[in-house]
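Chains A and B are the protein sequences, given in the same order. As numbered in my numbering, residues 197 to 350 make up the first sequence, in order. As numbered in my numbering, residues 13 to 107 make up the second sequence, in order.
Rather than coming from a laboratory, the hints here were simulated on the basis of the structure. Bear in mind the structure is a predicted one, so any value in this text is a computation, not a measurement. Treat the hints with caution; some may be incorrect.
Pair ranges (Cβ atoms, derived) [to be verified]:
(1) B:Leu104 <-> A:Asp325: 31 to 41 Å
(2) B:Thr44 <-> A:Ser264: 22 to 32 Å
(3) A:Val279 <-> B:Tyr77: 24 to 34 Å
(4) B:Asn79 <-> A:Lys215: 40 to 50 Å
(5) B:Leu105 <-> A:Thr298: 35 to 45 Å
(6) A:Lys215 <-> B:Val58: 43 to 53 Å
(7) A:Lys215 <-> B:Tyr77: 36 to 46 Å
(8) A:Ser223 <-> B:Gly32: 31 to 41 Å
(9) B:Asp56 <-> A:Lys210: 28 to 38 Å
(10) A:Gly324 <-> B:Asn43: 11 to 21 Å
(11) B:Pro37 <-> A:Thr274: 16 to 26 Å
(12) A:Asp290 <-> B:Val82: 13 to 23 Å
Simulated coverage check for chain B against chain A, where a stretch passes if three residues somewhere in it have a Cβ under 8 Å from a Cβ of chain A [unchecked claim]:
(13) 19-28
(14) 31-45
The beta carbon of each residue, even a glycine, is placed where N, CA and C say it ideally should be.
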Amino acid sequence: MAISVTTAMPTSFKVEILKAVHNFTASTGNTFKLALMKATAAGSGTYGAATTSYDTLVSNTDELANGSGYTTGGNTLTSVTPVADGTTAVCDFDNTTWSAATFTTCGGIIYNDTAAGNPACAVLSFGGDQQVSSGDFQVQFPAAAAATAIIRIA
Amino acid sequence: MLSANGGALLGDIRATTVSGRGFTPEELVDNTLDRIIFISTSADPVLRQQAEAFRKSIRSVLLNYGNQCVRSNHTTLANRLRDVGHSDLIKLLEN
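Please take these sequences and the hints and turn them into a complete structure.
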C-alpha cells in the first residue's frame, strides 16, 4: 500500500470553525504546525477531506522520521491574523522552510497544536514526491487575497 | 455552503526544493514576491501595469537587502571562524 493524499479542507475543520475550536490570531491565537508525510511508497494511509487529525498521521506511522532536517510534529507556522478581503475572510501563514534537509515527502497536514486532539485544518498534496538532499525544502503559501488565500470563507 | 455563492475554501500551496545548497536570495525573493503583491488576471490593464512596475521595484529592493543579509552573515561567520583559529576556512565563504 502507498500513501494516498488529496489536497482538501477536512470536513471536521468546517465543523470546528463553527464550534470556535480554532483561533488564527497572530501571537495570541493557537499554535499551528505543518507536519510532513513520508514518500508515497514509504507509507500506507489515505489523507483528504475525511482526515480529522494529525494523530492519524502518527498512528499510521506516515510522518517523516525525526532528524535529517525534520523535527517530529513539523514546523510551527507563523499565522497572520485573519482579515476580510471584500466579502471574503482570509487566513494566511508565512512561507516555511526546512533547512539542511535530506528527505522525500509527498504531502503534509496543517493542524492545530494547541487544541485537544491536534485537529487538522488542511491536507496538502505536493503533487507527487518532493525530494531534497542536503538542501532546503520550502512550502510557499498563496497571497492572502479573496481568490487565493490558503484558508478562506467566502 | 455558507451562502448561495460562498463556502469554506482552500488555496493552492507550492513546494520548492534545492539540493546540495540553500536557497539563493533571488529564489527567496521570487518566492516571497507573490505574497507581497498579487496581481489578479482580471485586473484593469492600467492598474496591472502599475502593479507590475511596483512589483519590479520591490523585487530590486528585497534582492538588495537579501544579498546584504548574506554578506553580513558571512562577516559574522568569518569572525567566528577566526576566533576559533580556523582563518583558513574563511575563503570558503568568498564564493
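If you test the structure against every hint from before, which numbers come out violated?
Going through the list in order, the structure violates hint 5 alone and respects the others.
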